[in-house]
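Q: Please work from the sequences and hints to get the whole structure.
Order-wise, the sequence lines are chains X and L. Counting in our numbering, the first sequence runs from 914 upward without gaps. Counting in our numbering, the second sequence runs from 6 upward without gaps.
I should point out that these hints are in silico values taken from the structure, not numbers from a laboratory. This structure is a prediction, so every number in the text was calculated from the model and none was measured. It is possible that part of the hints are untrue.
[Unchecked claim] Estimated spans, in silico, between C-beta atoms of each pair: (1) X:932 x L:184: 35 to 45 angstroms; (2) L:205 x X:927: 46 to 56 angstroms; (3) X:994 x L:45: 50 to 60 angstroms; (4) X:1000 x L:71: 49 to 59 angstroms.
Note that CB positions come from ideal geometry on N, CA and C, so glycine has one too.
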Amino acid sequence: MEDLTRVRFTNLDKPMYPELRLIKKDVIEYYIRVAPRVLPFLRGRALVRTRYPDGVEAEGFYEKDAPPGTPGWVRTHVKYSKSADRDTSYVVCDDLDTLLWLANLASLELHMPLSMVTDTSKPDFVLFDLDPEPPAGLGEAVQAAVLLREALDDRGVKPYVKTSGRKGVHVLIHVEPVHTFRQTREYVHGIARELAVMHGFIVSERSQTNVPGTVLVDHPQNSERSTMVAPYSLRAVREATVSTPVAWGDLPSVRPFDHNIFNVPDLAEDPWRDIWDEPQDIT
Amino acid sequence: MSVLKGKPSTRSVWTGRISIGLVNVPVKAYTMIKDQSFSFKYVRRDDACPLKYERVCTLDREVVPWSEVGQAVEVRKDEYVVFSKEELDALRPESNKKISLRKFVPLSQVDRVFFDKSYVLAPDKSGDSYGLLLKAFKEKGLAGVGTFTLRTKEYPVLVYHYRDSLVLTTLRYSDEVVDPRSYEDLGKVEEPSREELDIALKIMENLTGEFDSTEFKDTFKERVEELVEQKMKGEVIAVEEPETEEVRELMSALRDTLAQLQKT
Chain X
914 MEDLTRVRFT NLDKPMYPEL RLIKKDVIEY YIRVAPRVLP FLRGRALVRT RYPDGVEAEG
974 FYEKDAPPGT PGWVRTHVKY SKSADRDTSY VVCDDLDTLL WLANLASLEL HMPLSMVTDT
1034 SKPDFVLFDL DPEPPAGLGE AVQAAVLLRE ALDDRGVKPY VKTSGRKGVH VLIHVEPVHT
1094 FRQTREYVHG IARELAVMHG FIVSERSQTN VPGTVLVDHP QNSERSTMVA PYSLRAVREA
1154 TVSTPVAWGD LPSVRPFDHN IFNVPDLAED PWRDIWDEPQ DIT
Chain L
6 MSVLKGKPST RSVWTGRISI GLVNVPVKAY TMIKDQSFSF KYVRRDDACP LKYERVCTLD
66 REVVPWSEVG QAVEVRKDEY VVFSKEELDA LRPESNKKIS LRKFVPLSQV DRVFFDKSYV
126 LAPDKSGDSY GLLLKAFKEK GLAGVGTFTL RTKEYPVLVY HYRDSLVLTT LRYSDEVVDP
186 RSYEDLGKVE EPSREELDIA LKIMENLTGE FDSTEFKDTF KERVEELVEQ KMKGEVIAVE
246 EPETEEVREL MSALRDTLAQ LQKT
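A: Okay, structure coming up:
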């Protein structure tokens, strides 16, 4: 065991998704299997975790700081936190061992900031968080994503799409970290307003989220303090869904719960394979 | 015959007499059961300074000397009825140094769940009367039922012949043993199908054998002793955790992933 990982696995038989009879061992195994795909997104970022030590049917909690007992080999990033008025030490998941250590702590959900610790004020991802308001659901969010893609296509920008694992859809653009969050936020806001004008079911302002059946393009998510559920992160829902990158061609046929802990590790194609090779120009 | 490997004691734990009617036989009792469980000493980890327990007042944290310690029963929360040593001694059974056997029963008739601890009864002073008693027990094949007071507690006991000696086994009181049927879980046991039962019976038949207690060993104790040896020689102990099925599966997945990560 020591040869393969520095992590000491504990309580492997603890129920995590009781309805599906999944235990902590299954969660760790999941993260082992998707590690090659998820690590590139976690590397160099201050991670936020949602931990469920007693499984998804019990209370979970957000964790930003490195918890007591963090092993010395885990990379941490110390930063002054305005809200807490103290230096906070964040966990940076650069390698497999750190990922497995987090999984062993029942960190079911991994949330990543849109910027790296090298300069947290300069995002390398632009996020269009498409959030449907009931009765709108995944179907409407997908429709909005397709329309958004056309709009970005017109601008010569190549976006990537993933499910949120709940009912939303995330459309991402990878950029060089040269813009401020204010700029990326305004970029998203601008396109959102344009779409909202053309398509009645799309709204661009948080004040409109109470309108039933709409899909909000939530531009304020582009901020230094916000995080996005990482691609391939599990979700803490009964069905053990996964926030899953999908090919644009497959997007219209995606149904809720299609991607989950059982089938995502076996996905043959990585639709985001080229995302790092092609930073997009959004100016 | 089962193999018994416990080391005999040098000192008896009780002396007195077995009495049957008017016959009195002086005997001494030796421990027959030797607990070999491993026990550690508590120390401060850094400098191995041994620790001791102290009786401390829960209110003022002062250490209370034995001379001031009393015994009490908590009748309600934080309300105690205190007894003096004399009061308790008066309640305790008198150690009359006698095992009175009032009845004789076939040993097999005594439910084995009552059996607690066994002692070897050896002749004290003259062995003549002991020899007589032993012979009588051996020929009759019965166990004598009586009571026996060891230190401050009275036990029901059986006395019987075992390997050319008299053995005394203390018994549990009937309110100390739980009827398995009083556990609710047992009400939920389902009837198996005939096929399943046949398979189970077949397996049992194939595995039928003789009980041999030497098949079992307290490996924890042995391994601690090995480690003590190593530590005394100044060897560094590598902690090895047993791999469970779950860990094995994780390691196999890990091997695949590590190979994959190396490729990229």
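Q: All the hints need checking, so say for each whether the structure fits it.
A: For each hint, the structure was consulted:
The hinted range of 35 to 45 angstroms is satisfied by residue 932 of chain X and residue 184 of chain L, whose Cβ atoms lie roughly 37 angstroms apart. The hinted window of 46 to 56 angstroms between residue 205 of chain L and residue 927 of chain X is violated, with their beta carbons roughly 32 angstroms apart. Take residue 994 of chain X and residue 45 of chain L: their Cβ atoms lie about 44 angstroms apart, and the range 50 to 60 angstroms is violated. Separated by about 53 angstroms at the C-beta atoms, residue 1000 of chain X and residue 71 of chain L satisfy the suggested range of 49 to 59 angstroms.
Against the hints set out earlier in the document, violations occur for numbers 2, 3.
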